[in-house]
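Please build the complex by placing chain B with the ligands on the supplied structure of chain A, with the hints as guidance.
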Amino acid sequence: MYTTELKDKNQKPQVAAVVEDPERLAAFEARVAADDFIEPKDWMPEAYRKTLVRQISQHAHSEIVGMLPEGNWITRAPSLRRKAVLLAKVQDEGGHGLYLYAAAETLGTSREEMIEALHSGRAKYSTIFNYPTLTWADIGAIGWLVDGAAIMNQVPLQRTSYGPYARAMVRVCKEESFHQRQGYEIMMALAGGTDAQKRMAQDALNRWWWPSIMMFGPPDENSPNTAQSIRWRIKRETNDELRQKFIDVTVPQAEAIGLTIPDADLKWNDARGSYDYGAIDWEEFYAVVRGEGPVAKERMQARVKAWEDGAWVRDAATAHAAKHEAREAAE
Amino acid sequence: MSKNWPLWEVFIRAKNGLSHRHAGSVHAADAKMALEAARDTYTRRMEGVSLWVVPSAAIIASDPGDAAELFEPAADKVYRHPTFYSIPENIKNI
Ligand SMILES: [Fe+2]
Ligand SMILES: [Fe+2]
Ligand SMILES: [Fe+2]
Numbered sequence: 001m002y003t004t005e006l007k008d009k010n011q012k013p014q015v016a017a018v019v020e021d022p023e024r025l026a027a028f029e030a031r032v033a034a035d036d037f038i039e040p041k042d043w044m045p046e047a048y049r050k051t052l053v054r055q056i057s058q059h060a061h062s063e064i065v066g067m068l069p070e071g072n073w074i075t076r077a078p079s080l081r082r083k084a085v086l087l088a089k090v091q092d093e094g095g096h097g098l099y100l101y102a103a104a105e106t107l108g109t110s111r112e113e114m115i116e117a118l119h120s121g122r123a124k125y126s127t128i129f130n131y132p133t134l135t136w137a138d139i140g141a142i143g144w145l146v147d148g149a150a151i152m153n154q155v156p157l158q159r160t161s162y163g164p165y166a167r168a169m170v171r172v173c174k175e176e177s178f179h180q181r182q183g184y185e186i187m188m189a190l191a192g193g194t195d196a197q198k199r200m201a202q203d204a205l206n207r208w209w210w211p212s213i214m215m216f217g218p219p220d221e222n223s224p225n226t227a228q229s230i231r232w233r234i235k236r237e238t239n240d241e242l243r244q245k246f247i248d249v250t251v252p253q254a255e256a257i258g259l260t261i262p263d264a265d266l267k268w269n270d271a272r273g274s275y276d277y278g279a280i281d282w283e284e285f286y287a288v289v290r291g292e293g294p295v296a297k298e299r300m301q302a303r304v305k306a307w308e309d310g311a312w313v314r315d316a317a318t319a320h321a322a323k324h325e326a327r328e329a330a331e
Numbered sequence: 001m002s003k004n005w006p007l008w009e010v011f012i013r014a015k016n017g018l019s020h021r022h023a024g025s026v027h028a029a030d031a032k033m034a035l036e037a038a039r040d041t042y043t044r045r046m047e048g049v050s051l052w053v054v055p056s057a058a059i060i061a062s063d064p065g066d067a068a069e070l071f072e073p074a075a076d077k078v079y080r081h082p083t084f085y086s087i088p089e090n091i092k093n094i
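Sequence order for the protein chains is A and B.
Per my numbering, the first sequence runs over residues 1 to 331.
Per my numbering, the second sequence runs over residues 1 to 94.
Hints are computed from structural coordinates only; laboratory data are not their basis.
Bear in mind the structure is a predicted one, so any value in this text is a computation, not a measurement.
Here a beta-carbon is modelled for each residue, glycine too, at the ideal position from N, C-alpha and C.
Check before you lean on any hint, since a few could be wrong.
Examples of chain B residues lying across from chain A (beta carbon under 8 Å, computed) [stated by the list, open to error]: (1) 16; (2) 17; (3) 92; (4) 94.
Excised from the complex, chain A in its bound form (with noise of 0.2 Å):
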């Protein structure tokens, strides 16, 4: 998802127009075969900064607009309990961001460039948020297997080999812990409920399943970059290793509390210790990465409304900053 080049299947793969000193080029690769990390100074190639500045900035995108589809549901969280803790969770998915374009910042990239990349609909963000939210159980689902999902992805991204993206997700780790608890806790909740509340967790595990195996990325085969990330060390595992150790793990947690995944095809497979599973829908998933999601238009109206109505606070912000430093050099 997040190491996933997000980008339209017939949209060319850039070539990398510099040519890198062979010397530095092949100290810089022996680093990382090594598992050094490499920090902000250190020399790296045009290459490995420009996958990397996507990558960051992609994944710092999916944080902030990830908020929208939970933030739509803060206001009618059943209970004051289930609300602060929604709140608390949104709230960790802005922090989020927020280290992850700092992270980003330090290649050389600025804060200004990625959000207007993102408003002007040029940079991507994860499939999963251009779904719509229309119940209550939607938001267990989230935490639950969109959380789930994340959580699988990032793990492994703390051993990343730049240095700042691998300590921003050892902080995004940490804090994601409850938020995948707290969506299985809902889920569980209602499982355990009235058969109406039963059959409204089913049908969100039904809409919310395949986009959250999807949120992996295209299967390794139509992932032309993967080897190259691998290579340099920014990925860890590629995108089908993490959907099948995803499935492996939720498909008990799903029958523990009495819910079915909506695969016909999903069988254990003994000699692989895995699950087999149905065929994906890739066509759908290229549709909502050219910005075809059910609700991709919205999501990036309230984004940009949010920006833009925020206008006048930054304005004040800085009248009131320039203000004092006039007052405090004029004493």
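Only chain B with the ligands this time, still in chain A's reference frame:
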């Protein structure tokens, strides 16, 4: 003639992958000399691979008197911790 040299805070990265951590401070006439002094004072035993020096005057610190107001509100938000949620023993990997 004699002007007091400013104070600089010294931060050391012990090894790549770790963040810089505060080690102490030095007095020096300018940034370059502050780095040199920090190197001589704080890294004589391979304490690190990278140094930062920051003018102490540039650090804005919170007021200890405000500590309660700033940090105590986190104390009753136990729901920010995973242990707040009880998940039955038989459910794994969560
Ligand atoms: Fe997050
Ligand atoms: Fe995340
Ligand atoms: Fe999260």
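Practice item. Return the status of the interface hint for residue 17 (chain B): holds when the least beta-carbon distance to chain A is below 8 Å, violated otherwise. Key: Residue 17 (chain B) check passes; min Cβ-Cβ to chain A is 3 Å, inside 8 Å.
Exercise for review: Using 8 Å as the Cβ threshold, decide whether residue 94 (chain B) counts as touching chain A.
Suggested key: Holds, because the Cβ-Cβ distance from residue 94 (chain B) to chain A comes to roughly 6 Å (cut-off 8 Å).
Check your understanding: With a cut-off of 8 Å, does the beta carbon of residue 16 (chain B) approach a beta carbon of chain A closely enough for the hint to hold?
Key -> Since chain A brings a Cβ to about 4 Å from residue 16 (chain B), closer than 8 Å, the hint holds.
Check your understanding: How about residue 92 (chain B): closest beta carbon in chain A under 8 Å, or not?
Key -> holds (7 Å)
Of the numbered hints stated above, none is contradicted by the structure.
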